[in-house]
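A.B. asks: With the hints as extra help, turn the sequences into a complete structure.
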Amino acid sequence: MKFLALVKKEFRECLPWMCLAFIIFTGFGALLLRGKVLYEEGRRKEIWREEQVVPWCTSPISDIGPLLLLTALGLGLVMAIRQFYVPAFDKTWAFTLHRPIRLITAVHAKLFVAILGLTLSVGLPWTGMFLYAAIPGRFMDPVLPKVFWEGWLMVGLGFILYLGTAVSSLCQARWYTTKVCGLAFAAGIIFLAMAESPFPAPLVLTAIGLVVLGIQVYALMQSKEF
Amino acid sequence: MTATKTIQRWARPAQILMILAICVVLVTICQLIVFQFTWEYTRRTFLESQPQNPVVSEADRAMKEISDSRKEFLPDGTVLLVTDTMEPDLLTRAKTIRVADANNHTLYEGSDKNPYSFISWSDEGPRYFETATSLTEVEGYYGGNADFSRMLCVRTLGPDLRWSGTWVYDLALGAFVGYNLDGRVTGYLGAQGLCLRKQEIQPFEKGLGLRRAKKAGAVNLTAVWISAHSAYLIDFEAIKVRQVFHSDDDRMRFVQISHWDDPNTGLYLPILAISTERGRGTIYIPDPERFIQIHVPPEWYWAVAATQSGVYLSRHRIVGYPQSHDHRAVSQWLLQNRYRPKQHISQLMKVQDDGDLRLISSFEWTQPGQVATSTVAWEQLPRWINHAFAVVSPLPFKYASIWGEDMYQTQSSKYLRHLVKPLFLLEIHGPSNLVITFVLVSLAFLHAWPRRTGWGWFVFWVILVLAFNLAGLLTYLAMNHTPVIRCSACGRRRGLLRPDCHACHSPLPVPQPRPTDLVFPAV
Amino acid sequence: MGEIVLQTWDLTKYYGRHLALDHLNLKIPKGTVYGLLGRNGSGKTTAIKLLLGFLRPTCGSSEVLGCDSSDLTPEIRGRVGYVCEGHPLYKWMPIGTLENFQKAFYPDRWDKHLFDEMLDYFTLSRKQRIRSLSNGQRAQVSLALAMATSPDLLVMDDPTLGLDVVIRRQFLQGMIHLIQQKGKTVLFSSHILSDVERVADRVAVIDKGVLRADCTLEQFRTSIRKVRAERTGSLPAGFDLPGTLHCRQDDSVTEWIVVGTTDEQLEQAFSQAPVKGFSCVAMNMEDQFIEFTTPSGNRRLFEWEERP
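Residue numbers (the working numbering), protein chains in the order written: chain A, 7 to 232; chain B, 7 to 529; chain C, 354 to 661.
I should point out that these hints are in silico values taken from the structure, not numbers from a laboratory.
It is possible that part of the hints are untrue.
Unchecked claim - Okay, the calculated bits of chain B under chain A, using three or more residues with CB under 8 Å as the criterion:
| # | segment |
| --- | --- |
| 1 | 12 to 18 |
| 2 | 25 to 36 |
Claimed, not checked - Calculated cross-link-like contacts (lysine-lysine; reagent style DSSO-like; alpha-carbon spacing at most 30 Å):
| # | chain 1 | residue 1 | chain 2 | residue 2 |
| --- | --- | --- | --- | --- |
| 3 | B | Lys356 | B | Lys221 |
| 4 | C | Lys383 | C | Lys465 |
| 5 | A | Lys14 | C | Lys444 |
| 6 | B | Lys404 | B | Lys427 |
| 7 | A | Lys230 | C | Lys380 |
| 8 | B | Lys119 | B | Lys221 |
| 9 | B | Lys101 | B | Lys70 |
| 10 | B | Lys246 | A | Lys152 |
| 11 | B | Lys246 | B | Lys212 |
| 12 | B | Lys119 | B | Lys77 |
| 13 | C | Lys383 | A | Lys14 |
| 14 | C | Lys561 | C | Lys579 |
| 15 | C | Lys480 | A | Lys14 |
| 16 | C | Lys465 | C | Lys444 |
| 17 | B | Lys11 | A | Lys14 |
| 18 | A | Lys152 | B | Lys70 |
| 19 | B | Lys101 | A | Lys185 |
| 20 | C | Lys465 | A | Lys97 |
| 21 | C | Lys480 | A | Lys8 |
| 22 | B | Lys246 | A | Lys51 |
| 23 | C | Lys456 | A | Lys97 |
| 24 | A | Lys97 | C | Lys579 |
| 25 | A | Lys230 | C | Lys561 |
| 26 | A | Lys97 | C | Lys480 |
| 27 | C | Lys561 | C | Lys383 |
All residues carry an ideal CB built from backbone N, CA and C; glycine is no exception.
C.D. replies: Listed below in structure tokens is the structure:
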């Protein structure tokens with residue numbers, strides 16, 4: 007019940023941003039997808055004049071990729087700021103933490119809401135779009151199953167940025183010293199994961215980022231002075 | 007509780023790893039930026055002081071003309087020298103050529119449509135990807151657009167020249183998976199040909215290259231799948247696979263394709279030529295199908311042409327060029343011989359049905375050595391600058407540079423190449439690096455001594471600075487910015503993280519009570 | 354006075370090189386109302402945050418209800434009510450939602466009747482959002498939330514800061530209500546001496562991080578006195594009263610602020626001084642506090658010349 011109360015509070019605080027991310031991603035994503043479907047309908051009727059071998063052929067839903075990544079990253083960043091930076095700014099940490107709970111419960115509630123938010127706002131719409139695109143015959147090129155998992159990994163990168171921002175928000179060092187290290191590390195992980203490395207390299211990098219940053223979030227909350 | 011203790015135990019190492027990675031990257035970036043600016047500055051000053059147009063002799067000029075021209079063979083073995091020239095007219099820019107004999111006497115000068123029927127040789131044709139790394143990179147995120155992974159696709163057309171289906175290469179299966187326009191799987195195309203079940207697939211060996219060899223008159227193309235030990239012709243029209251080469255112990259060197267979709271096939275036949283590192287060659291002519299096994303020593307580079315009157319082979323080599331084709335050996339040889347003249351040999355041969363090669367004609371010429379210009383001299387200059395800025399690099403860079411250079415040469419992902427480039431660009435000079443390391447370790451030691459809370463961490467930080475130099479020192483300072491105060495007993499600086507002074511072991515001073523204090527505890 | 358609810362041992366806190374709290378030794382027994390006094394930056398909030406585990410001490414330790422402050426268990430936190438300085442609450446929450454949020458953590462201890470009564474008394478509506486409340490109203494909500502959890506120990510950091518006299522009186526009424534319940538302990542810090550005087554049993558004064566007073570209110574009030582004497586001549590060199598904090602003089606009158614000096618000591622001292630007579634001037638608690646915490650030699654405008 008205590009955990010639920012914390013989750014409800016965190017969820018309510020992040021709800022406007024989740025809704026915004028959902029609207030942006032679903033709205034623009036649906037437009038892009040629909041546009042692609044209409045384009046392909048026209049293409050089916052045309053005589054083929056291009057090269058037959060396409061070594062770097064994009065997936066039919068590749069237009070969604072950058073939108074998915076940016077939305078996940080943006081939502082992760084904003085949620086972390088809302089959950090970890092704003093309480094320091096308006097001095098509500100003490101009010102939140104002075105209650106009959108363990109500190110780790112409060113951390114769990116925040117992380118749970120972050121994962122839930124990314125899943126509901128970005129992950130589930132992505133799943134819907136993929137299922138729509140993967141219907142046989144929707145596009146001339148097949149939509150491969152691995153693209154689905156790549157999309158979810160992008161959602162995971164959004165969580166990486168969330169953790170990096172949380173580490174930076176919780177860090178009590180000056181901004182020109184190590185305060186930005188969490189963000190910088192997360193940015194490095196995201197860059198390397200997107201750097202054309204074949205799978206499972208992005209997966210391994212994401213796992214490393216999760217472990218390194220996740221441990222630090224817990225440890226910083228335990229050692230932080232409020 | 008156990009989870010909490012585990013987290014606390016691993017939190018500091020995780021933080022060290024994170025900050026160290028960032029510091030190493032930051033230091034390297036700063037080094038490269040300074041290095042680049044300094045390089046540009048020193049290059050400009052040096053260029054201004056060198057003569058721009060060195061004078062060469064008449065004989066050298068003539069030798070250079072012969073060397074720069076294309077050597078074309080006629081079927082009777084005559085060698086002609088062809089030079090491409092351009093009209094100075096800016097509007098038309100029509101291409102003209104000059105044809106000369108072996109002694110560089112002009113025979114023809116005019117448009118490209120010349121009266122000579124040079125033999126048209128095979129070449130490597132359109133390449134779709136070239137290394138195994140390229141093929142696996144297709145599978146990764148596309149960094150340029152922050153996009154999903156790509157697919158290697160071969161589109162197939164129907165008789166009406168409209169899209170009828172797609173073959174997608176599956177890296178895990180090692181075969182092409184066919185899809186029709188309804189999105190249904192139509193079959194699997196592996197090394198053994200078409201099959202309808204996944205279990206029956208015989209995968210292709212890991213691909214190193216894919217070339218186009220579309221048959222004349224066919225709607226769909228034929229592609230050549232090249233791996234380290236095999237080559238396959240994949241006919242997407244007939245949905246068939248034909249293995250044209252395989253060797254268990256010899257590796258592929260190059261594959262050439264010629265005249266497959268040439269509408270004027272009266273003169274030339276389609277041909278596929280495969281060469282291995284040990285000099286074995288296979289010539290494949292599909293119609294009528296025949297294989298000719300030849301042997302050309304590995305120091306020769308060769309091409310073939312199949313006409314109605316027979317199969318010709320032209321080969322070329324530079325005397326002394328490394329046989330191994332290893333990129334390091336080749337770079338070394340080119341560097342050492344840049345200013346020396348080089349002897350070239352080009353030969354025209356006839357390929358017999360049994361694979362023997364009969365020499366028809368041979369032509370030798372000398373390529374003059376490169377004249378040292380101001381730009382060449384510049385390259386030798388800034389090594390001391392490189393050393394000066396590499397001196398704060400981590401020591402492990404020195405040992406990682408060997409791996410880095412290999413990866414830079416073989417990795418085709420431009421992002422990853424840029425990441426490993428600093429490993430071998432920064433030339434770490436051992437003694438200078440050690441001196442700077444000693445200075446930095448001393449600084450870290452002086453900083454850490456009054457702040458130490460235990461010998462374990464103290465030794466760890468010293469070793470970290472020793473190994474990672476400036477990046478290590480920055481990491482140490484970032485994680486140990488604890489304040490120090492003067493001990494009231496001995497006057498030395500002491501850290502606040504420990505309960506007592508490290509020198510005299512006295513605790514923090516207790517405030518002196520005043521006579522006017524009103525301290526009367528309740529209990 | 355038996356059980357100790359709050360105790361510190363040489364509690365010290367450095368912020369960088371700045372010493373905020375210096376070897377604080379404090380014992381607060383159960384059932385007392387403890388007023389923590391001090392000037393701005395003296396270390397009151399630091400002490401409270403260290404006690405509640407929101408800061409890590411540089412050295413020393415503290416316990417709350419028998420539990421180490423740096424590792425307070427959820428059960429102990431459930432028995433301690435805390436009103437923060439400035440009353441920070443979630444601005445977006447209506448009071449009703451905030452009540453439900455708080456209630457979820459204290460299912461057994463939540464006193465709904467008390468909360469309703471307090472809201473009614475303060476004329477607050479559950480539908481009002483925190484961001485629409487004034488400072489005083491927010492303070493009321495804060496106090497109601499803390500008191501409705503039926504805490505055994507109520508810790509308040511400058512709870513009446515910025516409140517008008519009416520709201521402050523209401524706040525104190527609420528505190529008194531709590532105090533009247535047996536076994537409750539209150540620790541609060543304040544700048545408003547009249548409030549402290551009204552409710553506190555004991556006071557502790559922290560000056561530049563050092564505990565300078567820890568006594569009953571009565572002891573504090575009676576120990577600090579202003580003594581005025583009319584001089585007939587110059588006072589002999591080195592003349593001073595025992596327990597002198599400050600001494601000021603003008604042309605004919607000298608004033609001493611003394612701590613813990615008895616009447617007999619005054620008699621004895623003045624018997625050898627060229628004075629017509631001496632008298633003890635009444636001081637309110639605010640004056641006593643100012644004199645107690647003002648360092649000697651402190652230059653003041655428009656005041657008497659400080660006698661070194």
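A.B. asks: Run every hint past the structure and note whether it holds.
C.D. replies: Evaluation of the provided hints:
no.: 1; hint: 12 to 18; in the structure: holds (count 5)
no.: 2; hint: 25 to 36; in the structure: holds (count 4)
no.: 3; hint: Lys356/B to Lys221/B; in the structure: 25 Å, holds
no.: 4; hint: Lys383/C to Lys465/C; in the structure: 25 Å, holds
no.: 5; hint: Lys14/A to Lys444/C; in the structure: 15 Å, holds
no.: 6; hint: Lys404/B to Lys427/B; in the structure: 13 Å, holds
no.: 7; hint: Lys230/A to Lys380/C; in the structure: 26 Å, holds
no.: 8; hint: Lys119/B to Lys221/B; in the structure: 26 Å, holds
no.: 9; hint: Lys101/B to Lys70/B; in the structure: 21 Å, holds
no.: 10; hint: Lys246/B to Lys152/A; in the structure: 28 Å, holds
no.: 11; hint: Lys246/B to Lys212/B; in the structure: 19 Å, holds
no.: 12; hint: Lys119/B to Lys77/B; in the structure: 17 Å, holds
no.: 13; hint: Lys383/C to Lys14/A; in the structure: 36 Å, violated
no.: 14; hint: Lys561/C to Lys579/C; in the structure: 23 Å, holds
no.: 15; hint: Lys480/C to Lys14/A; in the structure: 18 Å, holds
no.: 16; hint: Lys465/C to Lys444/C; in the structure: 22 Å, holds
no.: 17; hint: Lys11/B to Lys14/A; in the structure: 28 Å, holds
no.: 18; hint: Lys152/A to Lys70/B; in the structure: 56 Å, violated
no.: 19; hint: Lys101/B to Lys185/A; in the structure: 63 Å, violated
no.: 20; hint: Lys465/C to Lys97/A; in the structure: 27 Å, holds
no.: 21; hint: Lys480/C to Lys8/A; in the structure: 23 Å, holds
no.: 22; hint: Lys246/B to Lys51/A; in the structure: 27 Å, holds
no.: 23; hint: Lys456/C to Lys97/A; in the structure: 21 Å, holds
no.: 24; hint: Lys97/A to Lys579/C; in the structure: 42 Å, violated
no.: 25; hint: Lys230/A to Lys561/C; in the structure: 25 Å, holds
no.: 26; hint: Lys97/A to Lys480/C; in the structure: 23 Å, holds
no.: 27; hint: Lys561/C to Lys383/C; in the structure: 27 Å, holds
Violated hints, in rising order: 13, 18, 19 and 24; the structure is consistent with all others.
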